[in-house]
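*Asks:* The listed protein sequences correspond, in order, to chains W and D. Under the numbering used here, think of the first position of the first sequence as 1, with each following residue one higher. Under the numbering used here, think of the first position of the second sequence as 1, with each following residue one higher.
If you're looking for bench data, these hints aren't it; they were derived computationally from the structure. Be a bit skeptical, because a hint or two may be false.
Stated by the list, open to error - Computed cross-link-like contacts, SDA-like style, restricted to lysine to any residue with a CA-CA straight-line distance of at most 20 Å:
hint, chain 1, residue 1, chain 2, residue 2
1, W, 348, D, 181
2, W, 75, W, 98
3, W, 311, W, 91
4, W, 359, D, 114
Unchecked claim - Under 7 Å between C-beta atoms, here's a sample of chain W residues computed to sit facing chain D:
hint, residue
5, 290
6, 333
7, 339
8, 340
9, 341
10, 344
11, 359
12, 367
13, 369
14, 376
15, 379
In this text, a Cβ means the ideal position worked out from N, Cα and C, and glycines have one as well.
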Amino acid sequence: MASFVEIRDLKLGAVTDSGRDIDIIKGVSFDIAEGEIVALIGESGSGKTTIAMTLMGHCRPGCYVQSGAVVVDGKDMVQLSERQRAAMRGTEVAYVPQSAAAAFNPCKRLLDQVVEVARIHKLMPMDQARAKAVELFRALALPDPETIGQRYPHQVSGGQLQRLSAAMALIGGPKLVIFDEPTTALDVTTQIEVLRAFKSVMTAGGMAGVYVSHDLAVVAQIADRIVVLRGGEVQEVGTTQQILHDAQHPYTRELLAAFHPVPHAAVAPAPQAAPVPALEVVGVTAGYGPVDASGVPHKLALRDVGCALEKGRNLGVIGESGSGKSTLARAIAGLLPPSSGSILLGGKVLAGDARQRSKDELRRLQIVFQLADTALNPARPVGDILGRPLSFYHGMKGAAREARIVELLDMVRLPAAMRHRLPGELSGGQKQRVNLARALAANPEVILCDEITSALDTVVAAAVIELLKELQRELDLSYVFISHDLSTVQAICDEVMVMFAGEKVEHLPADRIHGGAQHAYSRLLFASVPKLDTGWLDGLSRDPEFSAALARR
Amino acid sequence: MASSSLSRGLLGYRVNAVGLVASAVILFWLFIALFGGQFTPYPPGEIVDFDYFGPMSGQYWLGTDYLGRDMLSRILMGARYTVGISVAAVLISCFLGVVLGMMAAVIGGWLDTCLSRFLDALNSIPSKLFGLVVVAGIGSSIPVLIGVLAVIYTPGAYRFARALAVNISTMDFVTVARARGERTPYLITQEVLPNILGPVLTDMGLRFVFIVLLLSGLSFLGLGVQPPNADWGSLVRENIGGLSFGAPAVIMPSIAIATLTIAVNLLIDNLPVRIRDRSE
Numbered sequence: 001m002a003s004f005v006e007i008r009d010l011k012l013g014a015v016t017d018s019g020r021d022i023d024i025i026k027g028v029s030f031d032i033a034e035g036e037i038v039a040l041i042g043e044s045g046s047g048k049t050t051i052a053m054t055l056m057g058h059c060r061p062g063c064y065v066q067s068g069a070v071v072v073d074g075k076d077m078v079q080l081s082e083r084q085r086a087a088m089r090g091t092e093v094a095y096v097p098q099s100a101a102a103a104f105n106p107c108k109r110l111l112d113q114v115v116e117v118a119r120i121h122k123l124m125p126m127d128q129a130r131a132k133a134v135e136l137f138r139a140l141a142l143p144d145p146e147t148i149g150q151r152y153p154h155q156v157s158g159g160q161l162q163r164l165s166a167a168m169a170l171i172g173g174p175k176l177v178i179f180d181e182p183t184t185a186l187d188v189t190t191q192i193e194v195l196r197a198f199k200s201v202m203t204a205g206g207m208a209g210v211y212v213s214h215d216l217a218v219v220a221q222i223a224d225r226i227v228v229l230r231g232g233e234v235q236e237v238g239t240t241q242q243i244l245h246d247a248q249h250p251y252t253r254e255l256l257a258a259f260h261p262v263p264h265a266a267v268a269p270a271p272q273a274a275p276v277p278a279l280e281v282v283g284v285t286a287g288y289g290p291v292d293a294s295g296v297p298h299k300l301a302l303r304d305v306g307c308a309l310e311k312g313r314n315l316g317v318i319g320e321s322g323s324g325k326s327t328l329a330r331a332i333a334g335l336l337p338p339s340s341g342s343i344l345l346g347g348k349v350l351a352g353d354a355r356q357r358s359k360d361e362l363r364r365l366q367i368v369f370q371l372a373d374t375a376l377n378p379a380r381p382v383g384d385i386l387g388r389p390l391s392f393y394h395g396m397k398g399a400a401r402e403a404r405i406v407e408l409l410d411m412v413r414l415p416a417a418m419r420h421r422l423p424g425e426l427s428g429g430q431k432q433r434v435n436l437a438r439a440l441a442a443n444p445e446v447i448l449c450d451e452i453t454s455a456l457d458t459v460v461a462a463a464v465i466e467l468l469k470e471l472q473r474e475l476d477l478s479y480v481f482i483s484h485d486l487s488t489v490q491a492i493c494d495e496v497m498v499m500f501a502g503e504k505v506e507h508l509p510a511d512r513i514h515g516g517a518q519h520a521y522s523r524l525l526f527a528s529v530p531k532l533d534t535g536w537l538d539g540l541s542r543d544p545e546f547s548a549a550l551a552r553r
Numbered sequence: 001m002a003s004s005s006l007s008r009g010l011l012g013y014r015v016n017a018v019g020l021v022a023s024a025v026i027l028f029w030l031f032i033a034l035f036g037g038q039f040t041p042y043p044p045g046e047i048v049d050f051d052y053f054g055p056m057s058g059q060y061w062l063g064t065d066y067l068g069r070d071m072l073s074r075i076l077m078g079a080r081y082t083v084g085i086s087v088a089a090v091l092i093s094c095f096l097g098v099v100l101g102m103m104a105a106v107i108g109g110w111l112d113t114c115l116s117r118f119l120d121a122l123n124s125i126p127s128k129l130f131g132l133v134v135v136a137g138i139g140s141s142i143p144v145l146i147g148v149l150a151v152i153y154t155p156g157a158y159r160f161a162r163a164l165a166v167n168i169s170t171m172d173f174v175t176v177a178r179a180r181g182e183r184t185p186y187l188i189t190q191e192v193l194p195n196i197l198g199p200v201l202t203d204m205g206l207r208f209v210f211i212v213l214l215l216s217g218l219s220f221l222g223l224g225v226q227p228p229n230a231d232w233g234s235l236v237r238e239n240i241g242g243l244s245f246g247a248p249a250v251i252m253p254s255i256a257i258a259t260l261t262i263a264v265n266l267l268i269d270n271l272p273v274r275i276r277d278r279s280e
């Protein structure tokens with residue numbers, strides 16, 4: 001019996017700038033039955049999105065299908081003409097993109113964009129399409145389903161926009177829906193709402209789905225079967241239960257292992273008679289916009305936040321986007337002078353503005369940013385990037401500087417030859433290591449890590465965390481680790497501070513995260529982190545306390 | 001894309017046919033500007049033919065002008081003024097514009113506001129009119145011409161560089177440098193400039209074309225390079241009377257102006273592309 005979707009020995013190639021041919025997808029085969037949701041999982045560059053795109057008969061520029069067949073509902077997408085493919089898109093196969101914000105036209109009303117598919121394919125009269133859209137909004141649990149379509153994309157939240165993009169995909173009544181990492185950019189608490197909405201419409205409509213993701217725990221909630229990909233090849237295929245509990249392939253096991261953080265053991269013992277903390281933040285208030293007469297900025301992002309970091313220990317700061325955690329890092333680094341409160345480094349008060357701090361104070365406190373893509377100057381080779389703090393803080397030059405650069409690269413486990421490369425020629429994980437090496441070049445005491453693993457694949461992120469721990473043992477560092485991802489924070493921090501709407505809501509030791517949280521928001525946040533358990537999402541929905549907390553938010 | 005234009009690797013750069021032809025034309029005119037004086041068949045200022053507006057002949061390759069002077073010699077010598085003045089003016093205006101633009105973007109605040117408003121005000125004066133008034137007021141000489149052209153084109157270069165630099169200076173790597181305690185000169189030269197260099201060079205080429213055209217226009221109005229010397233613009237003006245005779249004397253300098261400006265434009269549109277292969 002033929003399956004609804006059959007991919008047979010699919011091979012894709014691409015031509016590089018210099019005219020060389022490279023293979024991207026190396027003979028992939030799998031099936032999707034009617035009404036089944038299959039997850040494609042793997043690290044970036046594994047070809048998961050590329051394969052999902054071929055289901056719509058689309059190849060990204062420069063790529064082409066070498067051989068193989070992609071049969072959707074009896075039609076081979078590879079053989080069809082572009083016009084025939086266009087007719088299938090939206091009606092048979094639909095796509096939900098990763099970034100809904102980029103997928104909507106900011107100057108058109110949402111409803112007009114959602115019904116566009118029906119208009120292009122002349123599927124139904126416009127009035128009927130609008131009525132169907134409202135129905136979908138209701139099914140996707142959007143607030144005010146009757147009127148939300150009249151708003152513009154900037155007037156709804158990120159999670160709502162992602163659900164609206166699903167409505168856009170579903171309006172044509174497709175038989176197959178492709179979800180391309182639809183929740184990766186969302187906060188955990190928002191992710192739950194979106195996942196729940198997706199799951200309910202997919203089950204109700206009996207549609208087949210392809211769910212592309214790198215997050216096993218998310219996939220476990222929604223998929224029936226999982227295809228594990230790496231380097232354009234299928235590593236393992238199995239039902240969700242099989243993959244989670246009885247993985248055969250070593251790579252799958254590595255992915256699963258990266259998910260279970262090794263509980264962090266403090267490097268420095270808990271101080272007995274409290275010495276001077278390495279970093280102390282006292283009642284810091286900071287914000288953006290014009291400053292009023294009493295010196296308070298127009299929009300406050302931090303309200304009276306205080307914390308302390310002992311030497312050799314790590315402090316995790318977690319919260320959703322907009323909670324003020326990055327602003328806290330900017331205030332500590334002197335990039336955003338606080339309007340009140342003070343920051344103490346080794347017991348000494350620092351000036352609010354980095355320009356008024358001494359070179360030595362700047363050296364002892366380094367900051368590492370989230371996106372290594374933008375944090376490294378794309379026009380300068382790695383050697384220059386690492387060399388600058390050496391000559392700036394330590395006055396090194398010539399052979400000594402060169403030797404130290406090689407040493408730094410070695411510290412972050414990169415080969416010495418990397419120093420001649422430009423950042424654009426490195427992978428995401430390598431870039432983040434260079435980013436870290438630049439901070440180490442200063443010989444700091446405290447490093448502020450602002451979401452440094454959020455943009456990385458699970459396995460790579462786990463390796464970076466391991467590296468941070470090793471460096472801490474060797475170099476006697478203290479980290480302030482800012483993240484929205486609870487499991488990474490657990491993996492490295494001794495203490496955790498929960499932030500919400502610019503305020504510190506709770507401060508507790510990392511080992512007491514589960515069960516120890518008192519504040520309602522922290523409990524919601526901790527409960528929202530997906531677990532490697534297929535029943536987790538459904539179990540949550542039945543938990544009245546959790547649902548109430550989610551609704552209150 | 002590779003099939004539609006001739007493409008080949010040249011020292012790791014991809015060049016296409018249009019770009020090659022354009023750069024050949026530009027190199028040719030540069031060579032003439034530097035060494036053209038060596039090849040003049042007749043002294044450019046001397047009347048050598050009794051006929052005026054003479055046709056092209058074996059003796060006078062590009063004909064003769066309204067006084068009977070050899071056109072080829074005069075165009076060869078004119079290249080020196082046209083190319084020389086324009087290059088000097090474009091270098092000054094782009095240097096000033098780019099440095100001020102980057103400073104405004106990196107420092108921001110009052111400096112940015114004051115510089116931007118001042119240069120916007122300068123920009124609002126029509127360029128031909130501004131050139132006319134200044135040259136008419138203080139007289140025409142080569143330094144004055146260079147100065148006037150540079151001043152006219154600085155605000156444009158400033159606006160362009162500032163717009164690019166503002167985008168760069170909000171990037172995290174500039175923030176990291178600020179957090180490290182770097183001063184403005186380092187931020188400008190090491191962090192911002194390498195990332196805006198490509199567009200800035202392109203803009204410089206465009207600005208060069210504008211300057212050649214404005215200089216030719218001023219010379220055509222009699223305010224540019226003064227007789228007996230002549231740049232291409234003044235050559236067109238001198239010989240405008242020959243237009244009704246179809247004399248080569250008016251057409252040839254026009255062709256010279258056209259080839260140089262079009263070649264620069266085409267080269268900018270077809271700059272060599274560095275081939276980088278990440279997977280190598």
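*Asks:* Holds or violated: residue 75 of chain W with residue 98 of chain W, Cα cutoff 20 Å?
*Replies:* Outside the cut-off at roughly 27 Å; violated.
*Asks:* Given residue 359 of chain W as an interface hint, is the shortest Cβ-Cβ distance to chain D below 7 Å?
*Replies:* The hint holds - residue 359 of chain W has a Cβ within 7 Å of chain D, the shortest such distance being about 6 Å.
*Asks:* Would the hint on residue 344 of chain W stand, with a C-beta cut-off of 7 Å toward chain D?
*Replies:* Nearest chain D Cβ about 18 Å off; hint violated.
*Asks:* Can residue 340 of chain W be said to touch chain D, with a Cβ gap under 7 Å?
*Replies:* Check failed: Cβ of residue 340 of chain W comes no nearer than 21 Å to chain D, outside 7 Å.
*Asks:* Quick check on residue 369 of chain W please, does its C-beta sit within 7 Å of some C-beta on chain D?
*Replies:* Hint on residue 369 of chain W: holds, closest Cβ of chain D at ~4 Å, below 7 Å.
*Asks:* Does residue 379 of chain W pass the interface hint, meaning its C-beta sits closer than 7 Å to a C-beta of chain D?
*Replies:* With Cβ-Cβ at 3 Å, under 7 Å, it holds.
*Asks:* Does the interface hint hold: is residue 333 of chain W within less than 7 Å of chain D, judged Cβ to Cβ?
*Replies:* 5 Å, holds
*Asks:* Checking one constraint from the list: CA of residue 348 of chain W to CA of residue 181 of chain D, max 20 Å. Satisfied?
*Replies:* Holds, at about 19 Å.
*Asks:* Under the criterion that the straight-line Cα-Cα distance not exceed 20 Å, is the pair residue 311 of chain W, residue 91 of chain W satisfied?
*Replies:* Distance ~60 Å between residue 311 of chain W and residue 91 of chain W Cα, so the pair is violated.
*Asks:* Taking 7 Å as the limit, does the beta-carbon of residue 341 of chain W come near enough to a beta-carbon in chain D?
*Replies:* 19 Å, violated
*Asks:* Minimum Cβ distance from residue 367 of chain W to chain D below 7 Å?
*Replies:* Check passed: Cβ of residue 367 of chain W comes within 5 Å of chain D, closer than 7 Å.
*Asks:* Mind checking the CB of residue 290 of chain W against every CB in chain D and telling me if the closest is under 7 Å?
*Replies:* 13 Å, violated
The earlier numbered hints that this structure contradicts are 2, 3, 4, 5, 7, 8, 9 and 10.
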